[in-house]
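Let's have the full structure, built from the sequences with the hints guiding it.
Residues 1057 to 1323 (my numbering) are what the sequence shown spells out, left to right.
Some hints could be false.
[Stated by the list, open to error] Straight-line alpha carbon distances no greater than 27 Å define the calculated DSSO-like cross-link-like pairs of lysine-lysine that follow: (1) Lys1268 / Lys1246; (2) Lys1137 / Lys1268; (3) Lys1268 / Lys1149; (4) Lys1135 / Lys1178; (5) Lys1246 / Lys1229; (6) Lys1276 / Lys1246; (7) Lys1276 / Lys1229.
[Stated by the list, open to error] Here are the computed distance ranges between Cβ atoms for each label pair: (8) Ala1160 / Pro1300: 20 to 26 Å; (9) Lys1229 / Val1250: 17 to 23 Å; (10) Met1274 / Ser1195: 37 to 43 Å.
Bear in mind the hints are in silico, worked out from the structure with no lab data behind them. Idealized CB from N, CA, C, for every residue including glycine.
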Amino acid sequence: MLKNTIRRWWDLRLPIALLGLAVTAAWGVRQTQGAPLFEVYNWVSRPFQANGSGQEQLISARTQELQARLLESEAQNQKLKELLGYVSAKKPKGIVAPIVGRSADHWWQQITLGRGSNDGIKTDFTVMGPGGLVGRVVSVTPNTSLVLLVSDPTSQLGVGITRSRNMGFMRGKGGNQAVMEFFDNVPNVKPGDVVSTSSFSQLFPAGLPVGKIVSVDMNKTPAPEAVVEFSAPMNSLEWAVIYPHSKEVEQKNAAGESSAPDGGEKQ
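If you want it as structure tokens, here you go:
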């Protein structure tokens, strides 16, 4: 009888020990909030985590930064290529110049280019940008040129409608648009028409692209007016191209056109 009792007690030791171990483990997890289990899990799963380390995150961030820099460099390179291609299509050759100064107080009035008299630039030279006319050089130092933009309200130039040849003069509005006032009382003009410099301009060669018509007011007095949107991105210029311009040559050309049998619009 005693022998059977001892055997039964001995057989119960293993379940009791396992139960005690389970209770102790549960108490330990509760007291440590499962921290040891998390440590064990992280240690076991670390080889299978692709982006677990801080070093890999830094490498990924650096890679994204380099990609962004590369895209910016490619964009700058493309702009320069476009300008160089633009220059090669013109006669005579122009001088590519970066914009090195632009005051927030005179954003739409003036820009400073990083080329000057040492590069052969003189006052009244024509300044073009990608898309069309930008302005003219008004003062020069050995290494810089100050440009009066066509968007300046004090800037006025003779322009015409390419399609209908109606002429007028344009003045800046201090933004990416200008106002064109026509010489004719009933001009043939509509939104979308291309505007270029005319032979009446004393400051620029004829035929330079300026912009396009966005709206027309036929009831404006004393003459009809149209709003012109510049074709050059005046607000975001980074480079420009400078061309020589002789007032005497342009005056001779204008006189020749006006004396031709079919030439000239009346002012």
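Check your understanding: Are Ala1160 and Pro1300 spaced within 20 to 26 Å by their CB atoms?
Key -> Given about 31 Å between the Cβ atoms, the range is violated.
Check your understanding: Given the hint that Lys1135 pairs with Lys1178, does the C-alpha gap stay at or below 27 Å?
Key -> holds, 25 Å
Exercise for review: Would you check the hint for Lys1268 and Lys1149, treating anything up to 27 Å between C-alpha atoms as holding?
Suggested key: Answer holds: Lys1268 to Lys1149 is near 26 Å, not above 27 Å.
Check your understanding: Has the given pair, Lys1246 with Lys1229, been kept, meaning a C-alpha gap of at most 27 Å?
Key -> holds, 20 Å
Practice item. Could you check the hint for me, namely that Met1274 and Ser1195 are 37 to 43 Å apart, CB to CB? Key: holds, 40 Å
Practice item. Starting from Lys1268, check that the Cα of Lys1246 is at most 27 Å away, please. Key: Holds. Lys1268 to Lys1246 sits at ~10 Å (cutoff 27 Å).
Exercise for review: Mind checking the alpha carbons of Lys1276 and Lys1246 for me, to see if they're no more than 27 Å apart?
Suggested key: holds, 15 Å
Review point. Within a Cα-Cα threshold of 27 Å, do Lys1276 and Lys1229 meet the stated pairing?
Key: Distance of about 17 Å is within 27 Å: holds.
Practice item. With 17 to 23 Å as the target window, see if Lys1229 and Val1250 comply at their CB atoms. Key: Since the Cβ atoms of Lys1229 and Val1250 sit about 19 Å apart, the hinted range of 17 to 23 Å holds.
Practice item. Sort out whether Lys1268 lies within 27 Å of Lys1137, counting only the CA atoms. Key: This hinted pair holds, its Cα atoms lying about 25 Å apart.
Of the numbered hints stated above, the single one contradicted by the structure is hint 8.
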